[in-house]
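Novice: Each chain is listed here by its residues.
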Amino acid sequence: MQVLLVDNDRLLLEALSVAMQARHPDLQVDLAASEPEALALAGERAFDLILLDWWLGEASAAGCYASLREQCPQARIVVMSGDDRPRLVYEVLELGAAGFLCKNAAGFAEMREAIDIVARGGVYLPGRLGARDEVSPSVRQRWQGRSLAECFPALSPQQQAVLRVLLRGVSDKVIARELDVEVSTVKTHKKIVFRRLGVNSRAEAVALAARMGVMLD
Amino acid sequence: MTDPAAPALGGEASAPRRALDASIAHIREELRRAGVQMLGVDVLLALVIGIEISPASALLWFAGMQTLQHQRRRAALAPQGAAAADPEAFIRSMQHWWLLLGFGRAAVVALAFLYGQENLEVVVTMVLVGLAAGSVATSGGEVRLMRAWTFPALGTLALAWAAQLDWLGGTLALLVLALARLLIGYVENSGRQGRRLIDYAVELETERDRVRSANAALEEAGALLRIERDRAAAANAGKTRVLASVSHDLRQPLFAMSLNTAALGDTLERIDDPYLARIEAGLRRGLTQCRGLLDQLVDFARLDAGSVEVRWAALELGPYLQALAAPYEAAARAAGLDWQLQLAARPLHAWTDALLLERLLGNLLHNAVKFTPRGTVGLRLLPQAGTVRIEVFDTGPGIPAEHQERVFEEFYQLDNPSRDRSRGIGLGLSIVRRLARLLGIELHLSSTGTQGCCFELLLPASGGPAAACRPADGAADDPAEAMAREAFAAESAAARNGKVVLAIDDEADLLADLDTMLGGRGYRVLTAACADEACRRARQQPPDIVLADFRLRDRQTGAAAVQAVRALLGRCVPALIITGETDAQNLAEADASGLRVLHKPLDGRVLARAVEEALAGQPPGQA
Chain U
1 MQVLLVDNDR LLLEALSVAM QARHPDLQVD LAASEPEALA LAGERAFDLI
51 LLDWWLGEAS AAGCYASLRE QCPQARIVVM SGDDRPRLVY EVLELGAAGF
101 LCKNAAGFAE MREAIDIVAR GGVYLPGRLG ARDEVSPSVR QRWQGRSLAE
151 CFPALSPQQQ AVLRVLLRGV SDKVIARELD VEVSTVKTHK KIVFRRLGVN
201 SRAEAVALAA RMGVMLD
Chain F
218 MTDPAAPALG GEASAPRRAL DASIAHIREE LRRAGVQMLG VDVLLALVIG
268 IEISPASALL WFAGMQTLQH QRRRAALAPQ GAAAADPEAF IRSMQHWWLL
318 LGFGRAAVVA LAFLYGQENL EVVVTMVLVG LAAGSVATSG GEVRLMRAWT
368 FPALGTLALA WAAQLDWLGG TLALLVLALA RLLIGYVENS GRQGRRLIDY
418 AVELETERDR VRSANAALEE AGALLRIERD RAAAANAGKT RVLASVSHDL
468 RQPLFAMSLN TAALGDTLER IDDPYLARIE AGLRRGLTQC RGLLDQLVDF
518 ARLDAGSVEV RWAALELGPY LQALAAPYEA AARAAGLDWQ LQLAARPLHA
568 WTDALLLERL LGNLLHNAVK FTPRGTVGLR LLPQAGTVRI EVFDTGPGIP
618 AEHQERVFEE FYQLDNPSRD RSRGIGLGLS IVRRLARLLG IELHLSSTGT
668 QGCCFELLLP ASGGPAAACR PADGAADDPA EAMAREAFAA ESAAARNGKV
718 VLAIDDEADL LADLDTMLGG RGYRVLTAAC ADEACRRARQ QPPDIVLADF
768 RLRDRQTGAA AVQAVRALLG RCVPALIITG ETDAQNLAEA DASGLRVLHK
818 PLDGRVLARA VEEALAGQPP GQA
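Chains U and F, in that order, give the protein sequences. With the first letter of the first sequence counted as 1, position 174 gets the number 174 in the working numbering; the numbers rise by one all the way through. For the working numbering, add 217 to where a residue sits in the second sequence, where the first one is 1.
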């Protein structure tokens, strides 16, 4: 798996790559300390996962996010921040982030779990937003990564496909292109998927996926 | 007063001086005003004398009189500096002029009585009596001037009449003298009253000035206080900013260190090196402690900056405290302490913020475990009229009375002169106090000094079902808020307090799931395996909502079970269908039941929302 880490703090970049590779030696990790560096690397390699710090210096990484999204439609972009207030998490999830990593992880166990989930294609949200004890206790267990079909058996294969791309966080247009259907069809599918899942927004769908332990890749 | 020489009120002059100044001002004013009238009187007298006696003597007298009048006016009005510099000397010089003028009048009397007819004597007497009355005004309450004029003028008149040596002359002489005495007495009296008024005015002015200066002093003190307060606020804000930025800036490198330590730990799973493992464990312990301290700092900075939002909701405390206390129970037992958790027999609800209350109680429980070497720590929940009472107690060394107020101050620590970091940095209780204030919790500490501590918290009660009418604060349409509210599990429990859910499923697993997920949120869950059992349950206790698995045993469907329960109760109880079907045919069938369908595996929040919406009578589906 090709991973790109973007953070303006070199110390953190190094530490994060070391921590990820210690648990998942198969990861190929590239580091970028600025937006131009990140975009240059994104032009060279097809990343599967991008971890993007939300505060690159003074400004938010919204612009950088958009450029990376454009350049790497196949990548899951997970946003990182020291600020894990629900409002920010909600914002970046609505924007299309495929998860949220809090740089204040409460403990070693939580930190390791977050790395595992993100590295293995899961959806991670901090603390209570991603609390898995909200899921039916009969299916509750340590995160193992379950397929979309396992988590949401009530969805048709087509709906699951839509949800998969939706969770990765690309626009309706890209979803339509990837699934080779009309944009209006994507919209209809999305509506049905949301209703089946009992959610009202993309952010809630991502939160539900995190709680269910969905593995995207 | 228009006279520029009039003494200004409010000067530094003493009261007698002020009275004199006022008299002088009055005299000058009268002289200026009465000049024309005097002239008229003099012209008239001169005419009468000229006609009755001789024009020469009249002219002579008139000229002399006018000179005197003119000189007096000049002396009185011109040099305004003299009067101001030495009012006594001014009065004395005026006294001379009054005396001279008095003699001037006496001259008329002499002329009239020596050379004139009787009618002239009468005219002169009348004029002089009139002038005497007029001089009451001119003397301005200064009795010395009045006497100086009256003695020569009226004295001569009285003498002249007395010299007639008949009863009429004697009577008139006595009357003139009586008038003189009366007028002098009047002037004296009015002068005294004037002085008294001035005294009073001065007193008032003094008082006014005192009040004014006191006000000015107060204002100045207020301004100083404001400056001081602003400085203190700025210093406090500065402190908060520093705390916030320090803790923020420390977080990132600390996080990086944690990541590196974690990587070291993971690597050690592959290579076995006990020495390195000890290093890793040491690093991990140090970092864990660091993070605990930093968390407190961040909490403190946020609370201090007032940037902590309260998400008010009704919270059932029993299950909440049970869940919250579990890790502290474990910590207490690990430290060899006994643990007590005492809950009320009936459900108690508080109106509070679950997450902030958890931080508050966490700090207290953490302290209790940390500072109690042996004995018991615990938590009590008690009902109390109007409020809910939570007590956190221990059998530790206690807090001496003299420290009981100060322990809530930031960075205040008992008995930690070496500032042993493992004992914290003294922020825990100051965070507790700030959180209590934020949540409207009354906080009391009782400690006998040796018998341990007991922190009593009086929480605002939520009236249980009655509170359902109260809209949850911030129940806005903001989806981020809504998500956050749900995320923090402090949902508006109000609506569901004591609501009865009837769950129908033939699988024990799903029933257990429903019981756990809904029971934890304040619902009462009844379970049934089939439609018959569901009806029996419903008869014993009518449910507020029915949840049924779509496919039950013996080809029963959940929809049919719902129909049976509704028929039994005779009303359209809200109902939801739960299904694990994946087959499109069966799914369509479930959808066709007209009831809202939820899919397995269930998510607690999705389920809770669906139940809440169904109870509220909202149409199923999305926003």
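Derived from the structure by calculation, the hints contain no laboratory data. We put the beta carbon where it would ideally sit given N, CA and C, even for glycine. Don't take every hint at face value.
What the hints assert, rightly or not - Chain U stretches covered by chain F per the calculated footprint, using a threshold of three residues with CB under 8 Å from any CB of chain F:
{"no.": "1", "region": "7 to 19"}
{"no.": "2", "region": "62 to 73"}
{"no.": "3", "region": "107 to 114"}
{"no.": "4", "region": "153 to 161"}
{"no.": "5", "region": "190 to 199"}
Novice: Does each hint hold? Answer for all of them.
Specialist: Here is what the structure says about each hint:
Taking a C-beta to C-beta cut-off of 8 Å, the region 7 to 19 of chain U contributes 8 residues in contact with chain F, enough for the three needed, and the coverage statement holds. Coverage of the region 62 to 73 of chain U by chain F is violated [criterion: at least 3 residues with CB-CB distance below 8 Å; count 0]. With 4 residues having a Cβ less than 8 Å from any Cβ of chain F, the region 107 to 114 of chain U passes the three-residue criterion, so the hint holds. Only residues whose beta carbon comes within less than 8 Å of a beta carbon in chain F count, and the region 153 to 161 of chain U has 3; three or more means the coverage holds.
With a cut-off of 8 Å between beta carbons, the region 190 to 199 of chain U has 7 residues touching chain F; three or more are needed, and the interface restraint holds.
Hint compliance for this structure: hint 2 is the single one not met.
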